[in-house]
Amino acid sequence: MEDAYLGQAKDIILGQDFLTWLWYKSEAKAGLFTMPDGEAFSLFMEQRISVQGGEGDSKETTSVSGLMSELREAKLGLAMGKKVTKGQIRIEVDSDAWQMSLRAEDFSFNGFKTPKVDTKRDEGDDPDAIFLEKMYLIERGLSFIDHLFFEFLKLRLSEGWAEECENVRVWLSK
Amino acid sequence: MGFLSASSTFTRYRLIEEVPDSLWPQIPDRLKRNAFQDIDDTADERSFGWVSFENMLDNEWLTAPPDKGQYLAFALRLDTRRVSAAVVKKHVQIAQDIELERVREQGKKFVSRERRNEIKEQVMLRLRARTLPVPAYFDVVWNIRDNVIYLASSQSKLRSLFEDLFTLSFDLHLEPLTPYYKAVELLGEERAAALDDIEGERFV
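Protein chains in written order, with my numbering: chain V, 1 to 174; chain U, 1 to 204.
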């Protein structure tokens, strides 16, 4: 049993609404996003998604996975009022790719993969070079997610949110 | 799986308070003061503390220092002795049977509850001393420029152990970057006040 903490209820609301919105947004924009500095990247939710609905004892979870599937069963769950609790995200910039599974309730990252780091080292190289490159790639991958979470928050707290919800509804009814 | 693995699992934190300048030079000492202590030759149930990022056997940072560019990197090592419940049950029964035999010879009919508990304790201690602790370690990376800390685990028990040891070691408090706290960080305290009234959206 995990201890309850301040903000836990809001964590679940924000995390699930974000991932649900992110799935919609990535499909609506065909995965194409831009960073504040103008850098383009693509983001898709793919392969594995868990959705959950209900409360307490009547909680229901559906996990769907499929390599090339459209995850229809999970989307059906959303159309029935469920929310995304965990989603696999793939980000690409040119030939670089990141992949991770993000959990809605606490934003923990599972199976976080960065573009490959060359582990070959020459004599005289900085002994920390591999570590520094890896951390750079991890933080770069995170910056895309953080940017989209910020975009989501701005929209969520704005008057435009009602319209966005309508868009999500239309997407779900398709 | 640590940060250098092809695939890693982690959670993020940020520091609630500013780090006093006087703390930075003390970090190596503070790590050593709270370093992992081996329990292979004891009967202790568990031990935890900091070790070097490069080598989980190195609790004196002889392999490499923790500072790497704009990061401090070390690891939390946790060794745990687990004796299987079935093994405990068997050996407690053996010990209690011997004790029962002994008290019968003295003309008594049963072993007191107090004595039975004592026997159980002794058996546990004996079994633990014969069981090797299982080591585990979790990378910790502290980005000192952004004051973000990464822990290579998402288990809640390990996380709270880490949070406590971190505060004990550095007198600094961590805030997990869960959706709510991350939102507060991104929006700034003022705009974040609106989050407190937020309710789950019904998309359908």
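Incorrect hints may appear among the rest.
[Unchecked claim] Derived EDC-like pairs: lysine to aspartate or glutamate, alpha-carbon spacing no greater than 16 Å straight-line:
id	chain 1	residue 1	chain 2	residue 2
1	U	32	U	67
2	U	68	V	128
3	V	154	U	54
4	V	154	U	197
5	V	134	U	185
6	V	154	V	164
7	V	116	V	92
8	V	154	U	201
9	V	75	V	94
10	V	116	V	94
11	V	154	U	185
12	V	113	V	126
13	V	29	V	151
14	V	29	V	164
15	U	68	U	146
16	V	154	U	196
17	U	68	V	60
18	U	120	U	99
19	U	68	U	54
20	U	89	U	67
21	U	68	V	125
22	V	134	V	151
23	U	89	U	54
24	V	154	U	190
25	V	134	U	197
26	U	109	U	121
27	V	120	V	139
28	U	109	U	99
29	V	113	V	96
30	U	32	U	146
31	U	120	U	97
32	U	68	V	133
33	U	90	U	67
34	V	116	V	133
35	V	116	V	146
36	V	134	V	164
[To be verified] Just a sample of chain V residues kept apart from chain U, beta carbon distances all over 12 Å, derived:
id	residue
37	15
38	16
39	33
40	42
If you are wondering where the hints come from, they were derived from the structure by calculation, not from laboratory data.
The beta carbon of each residue, even a glycine, is placed where N, CA and C say it ideally should be.
Do the hints match the structure? See the list:
| no. | hint | result |
| --- | --- | --- |
| 1 | U:32 x U:67 | 14 Å, holds |
| 2 | U:68 x V:128 | 6 Å, holds |
| 3 | V:154 x U:54 | 41 Å, violated |
| 4 | V:154 x U:197 | 15 Å, holds |
| 5 | V:134 x U:185 | 24 Å, violated |
| 6 | V:154 x V:164 | 12 Å, holds |
| 7 | V:116 x V:92 | 13 Å, holds |
| 8 | V:154 x U:201 | 15 Å, holds |
| 9 | V:75 x V:94 | 29 Å, violated |
| 10 | V:116 x V:94 | 14 Å, holds |
| 11 | V:154 x U:185 | 13 Å, holds |
| 12 | V:113 x V:126 | 23 Å, violated |
| 13 | V:29 x V:151 | 14 Å, holds |
| 14 | V:29 x V:164 | 13 Å, holds |
| 15 | U:68 x U:146 | 14 Å, holds |
| 16 | V:154 x U:196 | 15 Å, holds |
| 17 | U:68 x V:60 | 46 Å, violated |
| 18 | U:120 x U:99 | 11 Å, holds |
| 19 | U:68 x U:54 | 12 Å, holds |
| 20 | U:89 x U:67 | 48 Å, violated |
| 21 | U:68 x V:125 | 14 Å, holds |
| 22 | V:134 x V:151 | 26 Å, violated |
| 23 | U:89 x U:54 | 40 Å, violated |
| 24 | V:154 x U:190 | 13 Å, holds |
| 25 | V:134 x U:197 | 39 Å, violated |
| 26 | U:109 x U:121 | 22 Å, violated |
| 27 | V:120 x V:139 | 22 Å, violated |
| 28 | U:109 x U:99 | 11 Å, holds |
| 29 | V:113 x V:96 | 11 Å, holds |
| 30 | U:32 x U:146 | 24 Å, violated |
| 31 | U:120 x U:97 | 12 Å, holds |
| 32 | U:68 x V:133 | 11 Å, holds |
| 33 | U:90 x U:67 | 50 Å, violated |
| 34 | V:116 x V:133 | 10 Å, holds |
| 35 | V:116 x V:146 | 22 Å, violated |
| 36 | V:134 x V:164 | 36 Å, violated |
| 37 | 15 | 4 Å, violated |
| 38 | 16 | 7 Å, violated |
| 39 | 33 | 16 Å, holds |
| 40 | 42 | 20 Å, holds |
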